[in-house]
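K.L.:
What follows is each chain in one-letter form.
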Amino acid sequence: MNVPAEPFAAEIVAVDDHTFVRREMQAALPPPRRQVGIIGWMRENLFSSILNTILTLVGIALVLLIVPPLVRFLVIDAVWTGDNREACLAPGTGACWPFVKAKFGQFIYGFYPIDQRWRVNVVFALGAALLAPLLVLSWPGKKLNAFLFFGVYPVIAFILLTGGNINASAFLLQRFNLIRPLTGDVTVAGLNVAFWADYILTAVGAGLGALLGNARGLARAVAATMLVLGVIILAWDIDFGLQPVETRQWGGLLVTLVIAVTGIVTSLPLGILLALGRRSKMPIVRLLSIIFIEFWRGVPLITVLFFATYMLPLFLPTGTNPDGLLRALVGVAMFTAAYLAETVRGGLQAIPKGQYEGAMAMGLTWGQMMRLIILPQALTLVIPSIVNSFISLFKDTTLVLIVSIFDFLGQLRAAFTDPNWASPVTLYTGFAFAGIVYFLFCFGMSRYSMFVERRLDTSHRH
Amino acid sequence: MNEATSIVASDELPAVHTEPGRETAVELIGVHKWYGEFHVLKDINLRVRRGERIVICGPSGSGKSTMIRCINRLEEHQKGTIVVDGIELTNDLKRIDEIRREVGMCFQHFNLFPHLTILENCTLAPIWVRKMPKKDAEELAMHFLKKVKIPEQANKYPGQLSGGQQQRVAIARALCMKPKIMLFDEPTSALDPEMVKEVLETMVSLAEEGMTMLCVTHEMGFARQVANRVIFMDAGQIIEMNEPDAFFSNPQHERTRLFLSQILH
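If you read the sequences in order, they're chains U and X. The opening residue of the first sequence carries number 1 in the UniProt record's numbering; numbering runs sequentially from there. The opening residue of the second sequence carries number 1 in the UniProt record's numbering; numbering runs sequentially from there.
Everything labelled a hint here was simulated from the structure, so no lab data went into it. Treat the hints with care, since some could be wrong.
[What the hints assert, rightly or not] Straight-line alpha carbon distances no greater than 27 Å define the calculated DSS-like cross-link-like pairs of lysine-lysine that follow:
id, chain 1, residue 1, chain 2, residue 2
1, X, K79, X, K156
2, X, K135, U, K142
3, U, K101, X, K178
4, X, K147, X, K94
5, X, K156, X, K94
6, X, K149, X, K135
7, X, K134, U, K142
8, U, K353, X, K178
9, X, K134, X, K79
10, U, K143, X, K134
11, X, K180, X, K135
12, X, K180, X, K131
13, X, K131, U, K142
14, X, K156, U, K143
15, X, K178, X, K131
16, X, K94, U, K281
17, X, K149, X, K134
18, X, K42, U, K353
19, U, K353, U, K281
20, U, K143, X, K135
21, X, K147, X, K178
22, U, K281, U, K101
23, X, K131, U, K143
24, X, K197, X, K180
25, X, K180, U, K101
26, X, K94, X, K146
27, X, K94, X, K149
28, X, K180, X, K134
29, X, K156, U, K142
30, X, K178, X, K197
31, X, K180, X, K94
32, X, K79, U, K281
33, X, K146, X, K135
34, U, K353, X, K131
35, X, K147, U, K142
36, X, K134, X, K146
37, X, K147, X, K197
38, U, K353, X, K135
Predicted model only: the values in this text are computed from it and were never measured.
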């Protein structure tokens, strides 16, 4: 606010310490020297008290104890070249890096056919090319970018990794044996006519049904869903001439990333929906959300994976046998979604009532209010916990090993059994390598989340 | 009590609409509300004419906030009828949204959206509720930000503004919806004393333009200068309602006299 700039009356003089009138405003001075600069920082942060000084010295001792041997093992004494175990047998050798080099392909691709590995590379490169601009918050075209990454990329990745050509044969009407007797199993350009007749009839039927029921919005939603689904199935059904690669042949970092990325991308929206459901005023929605969340939180991930792999087939009708990796994927996504739901709910609860009232008073609908006002703030608040869950999910992917899917760590352990590379340091080298790779991913996520947190913080608290 | 409001002589204020059939902006008939067992609003009857400015005062817990929050359904009443701009409030969500579009509200704690800039705060509802193109909404928002005298803050975040500035943004945000009725729920109670004046000035200029206003406030200077009627509430009831001159100079009810003697020194 405007402070009157007129000079203070000179005749008013402070005579004792009972009354006082300021005549000159005090200018701001720099802080004392001892509190700034490196010395000041060290004084304040490392040696501010006796306890702090002791802790600093213990910390330095620990670093001296751990770091030099680690560097010696990983770098100085390490073996860098060699063709087999002979290179790493000498006593006192450090890390056996030729082992990692020789097995590198296996660590990344698992048992993916060697001549088809280019497909995995394309998927990796495409993913990185689409993800990088999405992560840079200031980059323009976020909508298109997000559509490509979340909408188009998974479809392409599926085709490239599996080979596509899923041979869709039955949709809905087929199950009641309605179409095939009429058309027979005719295949045009790799597409099953019976399936597509079935699909189109079902779509038109559902749309007409909604129209007759005078629910135009529903009809439009049905049309849009069936159209999008149709395009995806069509893309997956076309024979691109790629050699099919079963998920059993996948492995290594490929599997780790597939599970982690799908898990992250599907569990967050699901978690948000569950959190909203649990806070809903509609009792049925709330009850279902609570049951879902408490169920998945109440069972260990290992149990989920075991159940999905070995027990689920017993319950499903014969003939339907979903892919093993897919079942693990769904299990991991559900499991993480339940945790995220509670995290997001925590964020929702932290938003003051006034924000809801401000939004409602302006006439926003419930959906607009949640999407534009409440969720952006709630999610920003819980970024640390969300990323916590993601990091934990990334590392938990390795549990799929128990259902015979060989992720990165699984491949590593498989490589240990190769007698060609049996040496005293193979095990340590492998785990050191795995540790570094996991650390890079997790630390990357952690740093990125901190960047986003700072970037989205508009509270301007000091 | 507050000199800040003696800026406008009351004869500059526009007259209240009286054209027949369209003269009622808000009508409450026999409205009751309970919080659980607690009877918070008891038989409220009030008719607000178009262009009328009403100040509601009373001790805390008297139900004055609850009453005006019933008008845009931030609180639900359990008995009686509320008609806003010719639309009766029921559980019909469409009607509630329709009413909220026409009724602007300013809160004690501003309730600005901290993750959006001042401009985005103002354009949000026009864009999403009125389906206005972004450019038009921004022009409109700048118009009202100029009116509340803070256009230069448009690209800052609420957290960077003083309380008084935030409340003026809140007023501009509400005005961007071109409301027919404005509700104020203690708009100056959370402000530093130095900031009260700027907010009251904004409200006075709004009154000059003939906005229908219902204002819960204890700024009696404001009430004297701007209000057509002053309402005193206690224990969930309207105790006294009169034109400001008569209300302040000659309060009828004993409770009103006590209240006024407490706040006017």
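K.L.:
Each of the hints needs a verdict: does it hold here or not?
P.N.:
Going through the hints against the structure:
no., hint, in the structure
1, K79(X) / K156(X), "violated (44 Å)"
2, K135(X) / K142(U), "holds (20 Å)"
3, K101(U) / K178(X), "violated (69 Å)"
4, K147(X) / K94(X), "violated (31 Å)"
5, K156(X) / K94(X), "violated (34 Å)"
6, K149(X) / K135(X), "holds (21 Å)"
7, K134(X) / K142(U), "holds (18 Å)"
8, K353(U) / K178(X), "holds (25 Å)"
9, K134(X) / K79(X), "violated (41 Å)"
10, K143(U) / K134(X), "holds (17 Å)"
11, K180(X) / K135(X), "holds (23 Å)"
12, K180(X) / K131(X), "holds (18 Å)"
13, K131(X) / K142(U), "holds (22 Å)"
14, K156(X) / K143(U), "holds (25 Å)"
15, K178(X) / K131(X), "holds (13 Å)"
16, K94(X) / K281(U), "holds (18 Å)"
17, K149(X) / K134(X), "holds (22 Å)"
18, K42(X) / K353(U), "holds (25 Å)"
19, K353(U) / K281(U), "holds (15 Å)"
20, K143(U) / K135(X), "holds (19 Å)"
21, K147(X) / K178(X), "holds (14 Å)"
22, K281(U) / K101(U), "violated (58 Å)"
23, K131(X) / K143(U), "holds (20 Å)"
24, K197(X) / K180(X), "holds (24 Å)"
25, K180(X) / K101(U), "violated (74 Å)"
26, K94(X) / K146(X), "violated (33 Å)"
27, K94(X) / K149(X), "violated (35 Å)"
28, K180(X) / K134(X), "holds (22 Å)"
29, K156(X) / K142(U), "holds (23 Å)"
30, K178(X) / K197(X), "holds (24 Å)"
31, K180(X) / K94(X), "holds (18 Å)"
32, K79(X) / K281(U), "holds (22 Å)"
33, K146(X) / K135(X), "holds (17 Å)"
34, K353(U) / K131(X), "holds (26 Å)"
35, K147(X) / K142(U), "violated (34 Å)"
36, K134(X) / K146(X), "holds (18 Å)"
37, K147(X) / K197(X), "holds (15 Å)"
38, K353(U) / K135(X), "violated (31 Å)"
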